[in-house]
Amino acid sequence: MNSTTIIPLFVIIPLAAAFLISLVGRFIRRSSEIIIFIASFTLLGFSIYARFLLNSAAGKIMVYKIGGWVPPFGICMVMDGLSSFMLVTVNLIAFFVAVYSLAYMEQYTDKPKFFTLFSLMVCGMNGVIITGDLFNLFVFLEIASIASYALVAFGTEAEELEASFKYAIMGSVASAFIFIGIAFLYSFTSTLNMADMARVLNYKENIWIIPFVGVLFLMGFGLKSALVPFHAWLPDAHPSAPASISAMLSGVLIKTLGVYSLVRILFNIIGSNHGYLTILMFLGVTSMLVAVVLALSQWDLKRLLAYHSISQIGYVVLGIGLGTPLGVFGGLFHLFNHSVFKSLLFLNSGAIDYASGTRDLKETGGLGKLMPVTAKTNLIASMSIAGIPPFNGFFSKAIIIIACLQKGNFGYAVCAVIGSILTLASFMKVQKFVFLGEIKDKLKNIKEVPFVMLFSMVCLALICIFGGLMLLPSFRFFLDDAVAVILKGTSYAGVVLEAASRP
Amino acid sequence: MTLYFLCLILFCVGLYGVLRKRNLVKIIIGLGIMEYAMNLFFVLLGYRFHGRAPIDAKDQNILNMVDPLPQALVLTSIVIGLGVTALVISIALRIYEKYGTFDITKIKRLKG
Numbered sequence: 043m044n045s046t047t048i049i050p051l052f053v054i055i056p057l058a059a060a061f062l063i064s065l066v067g068r069f070i071r072r073s074s075e076i077i078i079f080i081a082s083f084t085l086l087g088f089s090i091y092a093r094f095l096l097n098s099a100a101g102k103i104m105v106y107k108i109g110g111w112v113p114p115f116g117i118c119m120v121m122d123g124l125s126s127f128m129l130v131t132v133n134l135i136a137f138f139v140a141v142y143s144l145a146y147m148e149q150y151t152d153k154p155k156f157f158t159l160f161s162l163m164v165c166g167m168n169g170v171i172i173t174g175d176l177f178n179l180f181v182f183l184e185i186a187s188i189a190s191y192a193l194v195a196f197g198t199e200a201e202e203l204e205a206s207f208k209y210a211i212m213g214s215v216a217s218a219f220i221f222i223g224i225a226f227l228y229s230f231t232s233t234l235n236m237a238d239m240a241r242v243l244n245y246k247e248n249i250w251i252i253p254f255v256g257v258l259f260l261m262g263f264g265l266k267s268a269l270v271p272f273h274a275w276l277p278d279a280h281p282s283a284p285a286s287i288s289a290m291l292s293g294v295l296i297k298t299l300g301v302y303s304l305v306r307i308l309f310n311i312i313g314s315n316h317g318y319l320t321i322l323m324f325l326g327v328t329s330m331l332v333a334v335v336l337a338l339s340q341w342d343l344k345r346l347l348a349y350h351s352i353s354q355i356g357y358v359v360l361g362i363g364l365g366t367p368l369g370v371f372g373g374l375f376h377l378f379n380h381s382v383f384k385s386l387l388f389l390n391s392g393a394i395d396y397a398s399g400t401r402d403l404k405e406t407g408g409l410g411k412l413m414p415v416t417a418k419t420n421l422i423a424s425m426s427i428a429g430i431p432p433f434n435g436f437f438s439k440a441i442i443i444i445a446c447l448q449k450g451n452f453g454y455a456v457c458a459v460i461g462s463i464l465t466l467a468s469f470m471k472v473q474k475f476v477f478l479g480e481i482k483d484k485l486k487n488i489k490e491v492p493f494v495m496l497f498s499m500v501c502l503a504l505i506c507i508f509g510g511l512m513l514l515p516s517f518r519f520f521l522d523d524a525v526a527v528i529l530k531g532t533s534y535a536g537v538v539l540e541a542a543s544r545p
Numbered sequence: 030m031t032l033y034f035l036c037l038i039l040f041c042v043g044l045y046g047v048l049r050k051r052n053l054v055k056i057i058i059g060l061g062i063m064e065y066a067m068n069l070f071f072v073l074l075g076y077r078f079h080g081r082a083p084i085d086a087k088d089q090n091i092l093n094m095v096d097p098l099p100q101a102l103v104l105t106s107i108v109i110g111l112g113v114t115a116l117v118i119s120i121a122l123r124i125y126e127k128y129g130t131f132d133i134t135k136i137k138r139l140k141g
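In order, the protein sequence lines correspond to chains U and E.
Note that the working numbering has the first sequence beginning at 43, numbered continuously upward.
Note that the working numbering has the second sequence beginning at 30, numbered continuously upward.
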């Protein structure tokens, strides 16, 4: 068996799980839970195994040709350092969120439907990451988006429906811009394969259409990743979803659909230049500062976390926008760290909601004694997101700030430090109002949440503590390979086409 | 060229509907018009005047044929558009059940 046959499994497994769950989930008790657990666990295992397979592959790239059609004629799936990095991130979070949902979703009716949509979302995200074809990317992007629109409205309360409607309209407009961008690129290059497109663009004259398409993609993917001028849907949509879905949305969805696709297209297909990088850095810094200031005044716990997602995406985009090896390294490392601690924070907020029935900071208080594990994991995640050593958030933020200084952007470095301090301030507020202080009479007899929820939270907290170890030389290949793919720029085309021509 | 401009105008009509209308249903119609405009644009990219379908058969000498790939892709895109529209309409119906109105100025429990 050829080692590349593992690549399509990342789409097949969640798709099959979604199909099976919707088929048998309603008739056999507990079958949906068992299927989703097995599927997400195998996906996590396969993504880590594929990372090690990649190490032994020639040129650190694997290409799977669907139906045996050689690119540019057929659709191919490409697994390189960046894809593999994103796959591990997505499937890691998806596994812990799935385990958490086993208990958390008891509050809602119709678990099978929830898990069906959940696996479709994972399928869409995995597809976006591994596909090597631009239109295919659009299709997977829409699968993940539609599943997430439905999941935001899952509770069918008034606020959830309103948020979902807003999210669906904004998301569809974003998709329209992306689609038009793809249409323009197709008309210009007569190909849809990403590698072939990059090859054609390399030797064509540079005309006005490329900046135009670049702006269309910046708008479309900027909306999907909620950078600041386009962020209006996120603070409504993310808090309204069930907590485990908020964790998926904030943790990995905006990064996969937004940041990853944008980076892949801007750096590997169109080819980055000074203009795009300046725009990315500017958008990053604006999101970082505006969102963190808005977050300070929030009293709804999940809404506060949602604003912090926008702010932390700003750090990721700033790091990648710097374009230097260290900056990109910091940006990707922060992407991984943020998906871990932000999902942990959302899972914590879900646990508080599950136990006490409220997530208004004014109504909670003193939960630290009643829910010790939630309090401890939340403390760890808060310190990670605020960038306190030795947790993982500190290292990535420090790398981004050092990269800013190295490139001579002192203003951006100062902004990053200010953003970090304000983050610390708002998480001190969370600690004070939720876990410290007097216990309100109403909340006297709440209990710690069930074991499976605790299991996910504790595992994610452990990753937060030991995440910094990824900087050690023996683990650095995980990030270094991803950085190398971005820095290679448009020579990505040659690498993929060469790998595809192998038998 | 005129056709492309008409396409652009259609897209702008849809965008205007999404951005300016207050009724949920009209917003959805705007979204539909936008989707039509972009599908039409993609099909037009592969169209040749007096072109014909690229079916290769015996005794056929095709000189001027349209590009079949955009047509195949647009089929996918139409299906996606159908899915989004169906979902958004069902959400709008649920909103009507909860709020008793389709007017977005009266549906504002969230602050944005």
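No lab work stands behind these hints: they were computed from the structure.
Any given hint could turn out to be false.
To be verified - DEER-style ranges, computed between Cβ atoms:
hint, chain 1, residue 1, chain 2, residue 2, range
1, U, Ser-543, E, Pro-83, 23 to 29 Å
2, E, Leu-104, U, Thr-320, 36 to 42 Å
3, U, Thr-47, E, Leu-104, 24 to 30 Å
4, U, Gly-87, E, Ala-101, 31 to 37 Å
5, U, Ile-54, E, Pro-83, 29 to 35 Å
6, E, Pro-83, U, Phe-254, 16 to 22 Å
7, U, Pro-271, E, Arg-138, 22 to 28 Å
8, U, Arg-71, E, Pro-97, 45 to 51 Å
Virtual Cβ for every residue (Gly too), placed ideally from N, Cα, C.
Index of numbered hints that the structure contradicts, given in increasing order: Checked against the structure, the only hint that fails is number 6, while the rest are satisfied.
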